[in-house]
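Given the sequences, and given the hints that come with them, work out the whole structure.
With our numbering, letter number 45 in the sequence shown gets 48, and the count goes up by one each step, no holes.
Since the hints were made in silico from the structure, they are not lab data.
Every value quoted in this text rests on a predicted model; they were computed, and no experiment measured them.
All C-beta atoms, glycine included, are put in the ideal place defined by N, C-alpha and C.
Possibly wrong hints are sitting among the right ones.
Lysine to aspartate or glutamate pairs mimicking EDC-like chemistry, simulated, CA-CA at most 16 Å apart [unchecked claim]: (1) Lys62 x Asp95; (2) Lys62 x Asp41; (3) Lys70 x Asp45; (4) Lys79 x Asp95; (5) Lys62 x Asp14; (6) Lys62 x Asp45.
What follows is a set of in silico ranges between Cβ atoms, one per label pair, in the way DEER data are often shown [what the hints assert, rightly or not]: (7) Asp41 x Ala90: 22 to 28 Å; (8) Val20 x Arg93: 55 to 61 Å; (9) Ala12 x Lys70: 19 to 25 Å.
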Amino acid sequence: YGMLRQMGAVDDSTTVVTTVRDLQLVDDIPSDPALCDDVPVDVICTPSRLVRVDAPLAKPAGINWEKLSPMAESQKLQRKSNDKSQAKTRRDARKGAAPA
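Right under this line is the structure:
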């Protein structure tokens with residue numbers, strides 16, 4: 004979900020659906036964002052019923068970079084660097100400059 008949100012492919016209005024077994028349903032889950040790494044769902048499908056969540060929790064705004072490993076953080080920085088380099092190349096190409 005975080006990657007799709009980061010790309011702009013989903014937003015708060017996107018319905019999130021999951022499947023579970025009936026015995027996995029619970030009446031209460033932690034609502035503290037610091038305790039929960041899952042994406043809140045709007046609909047739960049079990050083999051015997053369909054449950055619509057009355058008051059879904061807020062969905063993540065994107066990738067939670069702070070919870071990823073240092074390697075993932077360095078990859079994020081590398082992607083930003085690559086994006087800047089590609090943007091400069093496109094600007095230079097529009098100006099008629101030779102690529103560096």
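A quick look at each hint next to the structure:
At most 16 Å may separate the alpha-carbon atoms for a hinted pair to count; Lys62 and Asp95 exceed this at roughly 39 Å. Distance hint between Lys62 and Asp41 is fulfilled; the C-alpha atoms sit about 9 Å from each other, no more than 16 Å. About 24 Å separates the Cα atoms of Lys70 and Asp45, which puts this hinted pair outside 16 Å; it is violated. Restraint check for Lys79 and Asp95: the C-alpha separation of about 24 Å exceeds 16 Å, so the hint is violated.
Distance hint between Lys62 and Asp14 is fulfilled; the C-alpha atoms sit about 8 Å from each other, no more than 16 Å. Distance restraint check for Lys62 and Asp45: the Cα-Cα separation of roughly 10 Å lies within the 16 Å cut-off, and the hinted pair is therefore satisfied. Roughly 35 Å separates the CB atoms of Asp41 and Ala90, a value that falls outside the hinted 22 to 28 Å. At roughly 39 Å, the beta carbons of Val20 and Arg93 sit outside the given window of 55 to 61 Å.
Remark: the range hint 19 to 25 Å for Ala12 to Lys70 is upheld by a beta-carbon distance near 21 Å.
Figure legend: structure checked against the earlier numbered hints; hints not met, in rising order: 1, 3, 4, 7, 8.
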